[in-house]
Amino acid sequence: MDLQTYNILVTIWPVLIPLALAAITACLWQSPTAQRAVGMIGLLALLGSSLALVDAVTRYDILAVEFGSWPVPFGISFVADRLSAAMVAIAATLAFCVGLYALCEMRRVHISGGFYPLFFGMVTGVNGAFLTGDIFNLYVWFEVMLVTSLGLLVLGKTKAQIDGAVKYAILNLIGTVFFLIAVGLLYGAAGTLAFADLARVLPTLDASPGLVATAVLFLCAFGIKAGFFPLFFWLPASYPTAPFAISAIFAGLLTKVGVYAAFRVFTLLFEVENSGIREIVAIVAAFTMVIGVMGAASQWSMRKILSFHIVSQIGYIMMGLAIATPLAMAGAVFYIIHHIIVKANLFLLAGVVRHASGSDDVRKSGGMLKTHPWLAVLFLIPALSLAGLPPLSGFWAKFLVIDASFKADMGWLAGVALFTGLLTLYSMMKIWMEAFWKAPAIERKAVRSVPTIMVAPVVILAAITVTIGFWAEPFIAYSQMASVTLTDPSVYVQAIFNNPIQVGRFNP
Amino acid sequence: MTVVYAAMISIIAGAGIYMLLARNLVRMILGIALLAAGANVVIFLSGRLGSVAPPIIERGTEGLAQTAANSLPQALVLTAIVIGFALTAFAIALAVKAYSSFQTLDTAAMTAAEGEQG
Chain G
1 MDLQTYNILV TIWPVLIPLA LAAITACLWQ SPTAQRAVGM IGLLALLGSS
51 LALVDAVTRY DILAVEFGSW PVPFGISFVA DRLSAAMVAI AATLAFCVGL
101 YALCEMRRVH ISGGFYPLFF GMVTGVNGAF LTGDIFNLYV WFEVMLVTSL
151 GLLVLGKTKA QIDGAVKYAI LNLIGTVFFL IAVGLLYGAA GTLAFADLAR
201 VLPTLDASPG LVATAVLFLC AFGIKAGFFP LFFWLPASYP TAPFAISAIF
251 AGLLTKVGVY AAFRVFTLLF EVENSGIREI VAIVAAFTMV IGVMGAASQW
301 SMRKILSFHI VSQIGYIMMG LAIATPLAMA GAVFYIIHHI IVKANLFLLA
351 GVVRHASGSD DVRKSGGMLK THPWLAVLFL IPALSLAGLP PLSGFWAKFL
401 VIDASFKADM GWLAGVALFT GLLTLYSMMK IWMEAFWKAP AIERKAVRSV
451 PTIMVAPVVI LAAITVTIGF WAEPFIAYSQ MASVTLTDPS VYVQAIFNNP
501 IQVGRFNP
Chain Y
1001 MTVVYAAMIS IIAGAGIYML LARNLVRMIL GIALLAAGAN VVIFLSGRLG
1051 SVAPPIIERG TEGLAQTAAN SLPQALVLTA IVIGFALTAF AIALAVKAYS
1101 SFQTLDTAAM TAAEGEQG
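Top line first, the protein sequences correspond to chains G and Y.
Residues 1 to 508 in this note's numbering are what the first sequence lists, from first letter to last.
Residues 1001 to 1118 in this note's numbering are what the second sequence lists, from first letter to last.
Everything labelled a hint here was simulated from the structure, so no lab data went into it.
Note that beta-carbon positions come from the ideal geometry of N, C-alpha and C, so glycine has one too.
Some hints here could point you the wrong way.
[Said to hold, decoys possible] If we take Cβ atoms under 8 Å as the criterion, some of the chain Y residues that face chain G in the derived model are:
(1) I1032
(2) L1035
(3) V1042
(4) I1043
(5) A1065
(6) A1068
(7) A1069
(8) Q1074
(9) I1083
(10) A1091
(11) V1096
(12) K1097
(13) A1098
Construct all of the structure, not just a fragment, from the sequences and the given hints.
Here is the structure:
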């Protein structure tokens, strides 16, 4: 296989593999065992191919595939730069861990409801959204993701799930209509839909009310997806109702696709600086952080607390977009990578705690420090990382964005971030004190053991968090390289137009 | 022509938003469907209305004539219609399930997701 074919394949595998898996597992509908086996093998293959993609982009910087050899403005293309490759790799890691966890958690009712086909369909949508180089295609992947995630949400058919799904569906459907209108207006103004071509055409257009409306519509559409203030209400209502494995993958990936899309559109297409968008994003980010963490402080159910923290953490990532310096962008990329791992791990841990203590409400559990001491330590790793304590990954992530905001004279935003960090620590400690430290609410005679297969993914994800924490330098260096295409659209444009299939190097 | 289309879009979208403000789940879903229809016409309008010349490259020329009709919006609208249809179908199925679980379509009365804890 020559190098060019390899590079093309490596770019489309992350979408092809889950798509094939969705089809195969759908064919194996009658046999849960076969679905499980195929699923795990497929997830390993996906992980391998995603790591191969990361390896390829570190060598070639940007890979582009034009389907049917239609050159960029005419055909649909896949583009993998360092940011998309990192997102794809982290999604594959998470999908593998959640797949492992699901082996234990998913009951027959979930599998016969189509857990595996829907799960792989969702991963296809997520990876497609990360890799596409075309804004209309991004809309299509969003819809693939939306419809499969809705299916996953209602797998258990409980009342709470139906209610959560209604809220999720209505708000996200409105979001996708906004997205569609924005795409229509953008097409009317620029006459093209490919990111690279839009990045070339849009700066030549005069500012017009139509373009401003387009930018605002994009911000609203991605805001609903990502869960910015004040559009996040569907999130804490729907995520906690799903099984733990499903809420973990939702928490890790779905909102981050919205964030990723916002980063693409507001770096390549629209200027954040000098357009008023920066002020909007900065204020939205501050409110998202504070309101999210306040919401969490008032909750007692583990998954509710964690769901509000997703909202709050999205605020930190949006800080990076508001500041928009190379340093802040690198910080935001690092933050996304750290956050996906930590947040999904906390949801999986909530599942383990629920399994061991029998309740999702932390007030009803307790005394687990004695019965499951190793679980108490395992929980502390992602919890303290989320709050940003050194030497874990969250410390570096917060340090990078806060450092960037001081350097860009946005000290108030850094202040809000630090205050939010303190409250995050409070609510993580609340979970830990209630579930592990205090005397058990109900005395149990027998200690409930936790299956190894449930703990394995938690240990893997915690190990990644610790690795990023102690060995942060390569991850920060990678994020800095990834921020190059975000801060300088011309790199992206040139890479696509100068050499249609394969692309040369750039120096940051 | 454009003004007529714009007026039509605003009427459709306005009706959609009005429906969306209702508490009844089915009305909300119909509202979203109307809003999506409005969005589809926006895409249609944004791709140069008026020309009926087929988008075929004439013999002996290198590219399309300036007056040729733009076929891309139709492809986009078709895709959007199909996706919108699938999502609306799912939403209606969800509404049926919600009705059989809650015995009501009033979204304000659906509080099961919040009701897990005080």
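Hints versus structure:
no., hint, verdict
1, I1032, "5 Å, holds"
2, L1035, "5 Å, holds"
3, V1042, "4 Å, holds"
4, I1043, "4 Å, holds"
5, A1065, "16 Å, violated"
6, A1068, "14 Å, violated"
7, A1069, "14 Å, violated"
8, Q1074, "12 Å, violated"
9, I1083, "5 Å, holds"
10, A1091, "5 Å, holds"
11, V1096, "10 Å, violated"
12, K1097, "6 Å, holds"
13, A1098, "5 Å, holds"
Checked against the numbered hints given earlier, the structure breaks hints 5, 6, 7, 8, 11 and satisfies all the rest.
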